[in-house]
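Number of protein chains: 2
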Amino acid sequence: MLFTIDRHLPHPVQNQLREQIIAGILNGQLTPGTKMPSSRKLADDLGISRATVMIVYDKLVEGDFLISVPRSGYRVGDVAATSGPKPPASHNERSAAFPVAWDRLIDTRIASQRNIVKPADWQEYPYPFVYGQPDASLFPLPAWRECSRQAMSRHAMRDWANDAVTADDPELVLQIRSKLLPRRGIYASEEEILITLGAQNGLYLIAAALMRPGVHVGIEDPGYPDARNIFEHCGATLHPLPVDEGGVMVSEIPNQAQILFVTPSHQYPTTVTLSPARRKALLAAASQNDQLIIEDDFESDTNYTGQPVPALKSEDRDGRVLYTGSLSKSMFPGLRLGYIVAPKPLIREMRALRRLMLRHAPSNNQRTTALFIAQGYHLAYIAKLHKAYGERWRKMAAGLEKYLPGMATAPSFGGTSFWVKGPEGTDCDTLAARALKEGIVLEPGAVHFMAPERGERYFRLGFSSIATERIDDGLKRLSTLLTG
Amino acid sequence: MLFTIDRHLPHPVQNQLREQIIAGILNGQLTPGTKMPSSRKLADDLGISRATVMIVYDKLVEGDFLISVPRSGYRVGDVAATSGPKPPASHNERSAAFPVAWDRLIDTRIASQRNIVKPADWQEYPYPFVYGQPDASLFPLPAWRECSRQAMSRHAMRDWANDAVTADDPELVLQIRSKLLPRRGIYASEEEILITLGAQNGLYLIAAALMRPGVHVGIEDPGYPDARNIFEHCGATLHPLPVDEGGVMVSEIPNQAQILFVTPSHQYPTTVTLSPARRKALLAAASQNDQLIIEDDFESDTNYTGQPVPALKSEDRDGRVLYTGSLSKSMFPGLRLGYIVAPKPLIREMRALRRLMLRHAPSNNQRTTALFIAQGYHLAYIAKLHKAYGERWRKMAAGLEKYLPGMATAPSFGGTSFWVKGPEGTDCDTLAARALKEGIVLEPGAVHFMAPERGERYFRLGFSSIATERIDDGLKRLSTLLTG
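Chains A and B are the protein sequences, given in the same order.
In terms of my numbering, the first sequence opens at residue 15 and continues consecutively.
In terms of my numbering, the second sequence opens at residue 15 and continues consecutively.
Bound conformation, chain A alone:
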């Protein structure tokens, strides 16, 4: 008996049977011409319905895997035989010696950069205070399915099946221009927008276009480790921009920096919003020193207070602010979609660079997302996130006040995390390891600092993935670890 069905798998019975029949054809157990068992017999043997077997057989006929022979049932087709070279019989053997000296050829500085690390199985812990991973149960899957279905029509496919080379989906660009950017106070033409593989790819493209050895870049410290790593990789010389309880300290910006990396709406990782006075001072200083500003607006849609904080880009009169936006937070991170808003000459260059690097973001996802925004599902989802995350935010604030008083930075307007400074003597790495044993996942803060020893007392608590009712208990347990 070739086939087995396991009803405990999440995998539908139909798929299990289908995949096993195809595997049998591909590995040669079912040779062309072999007669398949009758649907009645196979259904009886496997304890599944005859209708299921018939559906599977019929679908396999569509794909030429089976042939339906009148009055004789189903036989195996020759699809595998006609579709390419046969695998050679033996596994390719290696020379005993490994002749290529990879350690000499590869510059391993990238692999040794400091990065944020989460336990791979963080979803299995009861108190996952991880950052940047959304609560998948809130995502409106039926709406996404519906948009996906629409994007997969024959008509729409004509637009997205092809290699677009350098172009972005005009429908998505339109939605970003008309629906997303105005909510940040930004008005941009099509030629000022580039779709990226997430905000990370946006930062990489900006860095690849503008940074090289000899270019000086100021970067918030503490700040976003990935930005630091990207800029270093491109050869820039980095200068720390100190951050206090008002955000980046404009008075401390070194004149020799040609480019500044900032997160004004919601400082990463301290969550502080830059005050209106400092925003003005930042723009004035950049204009004075002819500096470009990279604005990473990574959590623009997590303001639960209702008080608008427009993007710094909205006040940019000189075209010196390069804005990166992300759909990771307001769609889902695995989608890898983001965008850059910047002056035309730079967008043109980055588009050519993106062509070399990856051509364009997958067209089917671009179209599906465009429909999701156009039909209002995106806005409705943000409203839903606001309700859920706003509640968790208040629960976090109350819990921190109660169990870890005075340790957390005052939250500005929302976001999805708190930045906490442990008591004297805290070592965040030791703390994280001990917490994990208690089922608590938290993120050590040192990685955010250019000099890691300055960040030993800090850690971050994300709250987008932890269930609301677990927050209080998790913080209570954490306080025991910190103070007990």
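Don't read these hints as lab results, they were simulated from the structure.
Quantities reported herein were computed from a predicted structural model and do not represent experimental measurements.
Warning: the hint list may mix true and false statements.
Copies of the same chain look alike in the list, so a pair counts if it works inside one copy or between any two.
Said to hold, decoys possible - Heads up, simulated SDA-like pairs for lysine to any residue below, C-alpha to C-alpha not over 25 Å straight-line: (1) 358 / 140; (2) 358 / 127; (3) 73 / 163; (4) 401 / 427; (5) 398 / 192; (6) 401 / 486; (7) 490 / 438; (8) 49 / 396; (9) 49 / 469; (10) 358 / 114; (11) 193 / 76; (12) 398 / 260; (13) 73 / 164; (14) 398 / 163; (15) 193 / 37; (16) 73 / 192; (17) 451 / 45; (18) 73 / 160; (19) 416 / 491; (20) 358 / 408; (21) 435 / 139; (22) 73 / 344; (23) 49 / 420.
Please arrange chain B on chain A, whose structure you already have, making use of the hints.
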């Protein structure tokens, strides 16, 4: 009257109405609390069914755009009000002078590289002999929809909603390892495989990891312009590897090249398959000179003769062949999925580099593709392409023999294009421009040569996008242009 319905649009009536109501809410024409017209009245006014209006209203209630008030109908909700900052009233104004000297900041060498250019509207021409764009009508859209639906289950979403940081979907890696690579004679472990944003991204990652100023790279000439551009961008010094009717000329490979770029299965753009003797010689020479080989196996699944030509990688005993594969041809190019097979140390480094660049390919597409391969749809699609493209290939060969005798390189085993050398005096750019006026899209050959003047007589005719019954007529018209 706010809303209009246009039945001539491909856009469903439901979506048209839904989008207009949401636009009205977002732009403030429909303020919170506004009473909506009754479904009966709106249906009458727009000449659509009342059921349609009710479905739209109900879906808008789900998204909090409308509120259903018992015995009073529907009112506008306050979703827009609760979901973020209001756009500022005025368009951001620019300073009169444009103060950033972009031309000084940007290295515009990328934007000025020579590239293959197709007319953007090539789909509108009657004889589109374009290359690399599939015939979308052959793609099994229902199967892709079905896999997409399965990948979008709540259960599966747990796997793909999150940022996977550096990981690939293990399901897709498994399918590539067990179903695709063995068909090329390649057996690789999980740690020897990296998923890329298409083969182009694979070449970029390899180049970014291994090439820098001072590295010498041999590249087929004529060859793939994108590879040439990527390698140049990374600072490598390029050496042409001449190509004759047997493929790349191994005897002419310069010793000082540390890396060689080749397309042995199906030379790009001449379509020649490298002979077994030359393959052996190539591997021996590379071993002798300690050279790495990049094998771009860009059209592995277009062999219509049934005679297997395994990948060069399958004979690689030293781990010096870096293999790039693509799903663009056997799925659709807009999907942007490909893979690299290479030794572990290099994969590890490129994974770190990919993390900086874009993290990973979109997870939903990875999972959908894994299901598409697992359930045999991919193999069935290739078999279908073989039938369709094999027929066009024979039609092309016959037509070229009849109308352009002696001009086309003898086709090796299939592919999706022919490489043609026009009569003495042919200038491919002039020819392409004249052909376009007759409704014929062809690709000038000069861009494939490092010295463009050497390629003036050449052009490429792709046949994946042109309908079979148009081929003969198209070639006849082309011959008039060439000889008349």
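Numbers of unmet hints, in rising order: Violated: hints 1, 9, 12, 17, 20, 23.
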